[in-house]
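Using the sequences plus the hints, can you model the full thing?
Number 670 in our numbering belongs to position 55 of the sequence shown; there are no gaps in the numbering.
Simulated from the structure, these hints should not be mistaken for laboratory data.
Each residue gets a CB set at the ideal place from its N, CA and C atoms; glycine is no exception.
Careful: at least some of the hints might be erroneous.
[What the hints assert, rightly or not] The list that follows gives simulated cross-link-like pairs (lysine-lysine, DSS-like), each with its CA atoms no further than 25 Å apart: (1) Lys634 <-> Lys644; (2) Lys644 <-> Lys671; (3) Lys634 <-> Lys671; (4) Lys630 <-> Lys644; (5) Lys669 <-> Lys644; (6) Lys671 <-> Lys630; (7) Lys634 <-> Lys669.
[Unchecked claim] Simulated DEER-style distance windows between Cβ atoms: (8) Glu658 <-> Pro638: 39 to 49 Å; (9) Lys662 <-> Ser641: 22 to 32 Å; (10) Lys662 <-> Arg642: 14 to 24 Å; (11) Asp654 <-> Ile620: 16 to 26 Å; (12) Leu632 <-> Glu652: 31 to 41 Å; (13) Lys671 <-> Leu646: 11 to 21 Å.
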Amino acid sequence: MPRVIEVIYENGMFKPLEKVDLPEGSRFKILIEDFSEIDRIHEHVKKIAGEASKEKILELLDEVWI
Numbered sequence: 616m617p618r619v620i621e622v623i624y625e626n627g628m629f630k631p632l633e634k635v636d637l638p639e640g641s642r643f644k645i646l647i648e649d650f651s652e653i654d655r656i657h658e659h660v661k662k663i664a665g666e667a668s669k670e671k672i673l674e675l676l677d678e679v680w681i
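Here's what the structure looks like:
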């Protein structure tokens, strides 16, 4: 089942910002989502639909992308 975690890219590696329970050596596909793009979307959503948190926007986008 797909799930979303935040990562940071350092020294050529993606490092999770939360604990993940995965077998060592597991392979996955990732979707790279630039937070600056989310900030831009957030500003547009506020203009159209009023106040919405970035977390809510990410949640809604995840529903569309998955």
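Verification of the supplied hints:
Between the alpha carbons of lysine 634 and lysine 644 the distance comes to roughly 18 Å, so the proposed pair stays at or under 25 Å and holds. Only pairs whose Cα atoms come within 25 Å are accepted, and lysine 644 paired with lysine 671 is accepted, the gap being roughly 23 Å. Taking the CA atoms of lysine 634 and lysine 671, the gap is about 22 Å. The hint holds against a cut of 25 Å. For the given pair, lysine 630 sits about 14 Å from lysine 644 by alpha-carbon distance, which is consistent with the 25 Å threshold.
Pair hint lysine 669 plus lysine 644 holds up; C-alpha atoms about 24 Å apart against a cutoff of 25 Å. For the hint pairing lysine 671 with lysine 630, the CA-to-CA distance comes to about 24 Å; that is within 25 Å, so the pair holds. Restraint check: the Cα-Cα separation between lysine 634 and lysine 669 comes to about 22 Å, which is no more than 25 Å; the hinted pair holds. Glutamate 658 and proline 638 have their C-beta atoms about 40 Å apart, which keeps the hinted 39 to 49 Å range intact.
Roughly 41 Å separates the CB atoms of lysine 662 and serine 641, a value that falls outside the hinted 22 to 32 Å. The beta-carbon spacing between lysine 662 and arginine 642, approximately 41 Å, falls outside the hinted interval of 14 to 24 Å. For the pair aspartate 654 and isoleucine 620, the supplied restraint of 16 to 26 Å holds, since their beta-carbon distance comes to about 20 Å. Separation of leucine 632 from glutamate 652 is about 18 Å and departs from the stated range, judged on CB atoms against 31 to 41 Å.
Restraint check, lysine 671 to leucine 646: a C-beta distance of roughly 19 Å satisfies the suggested window 11 to 21 Å.
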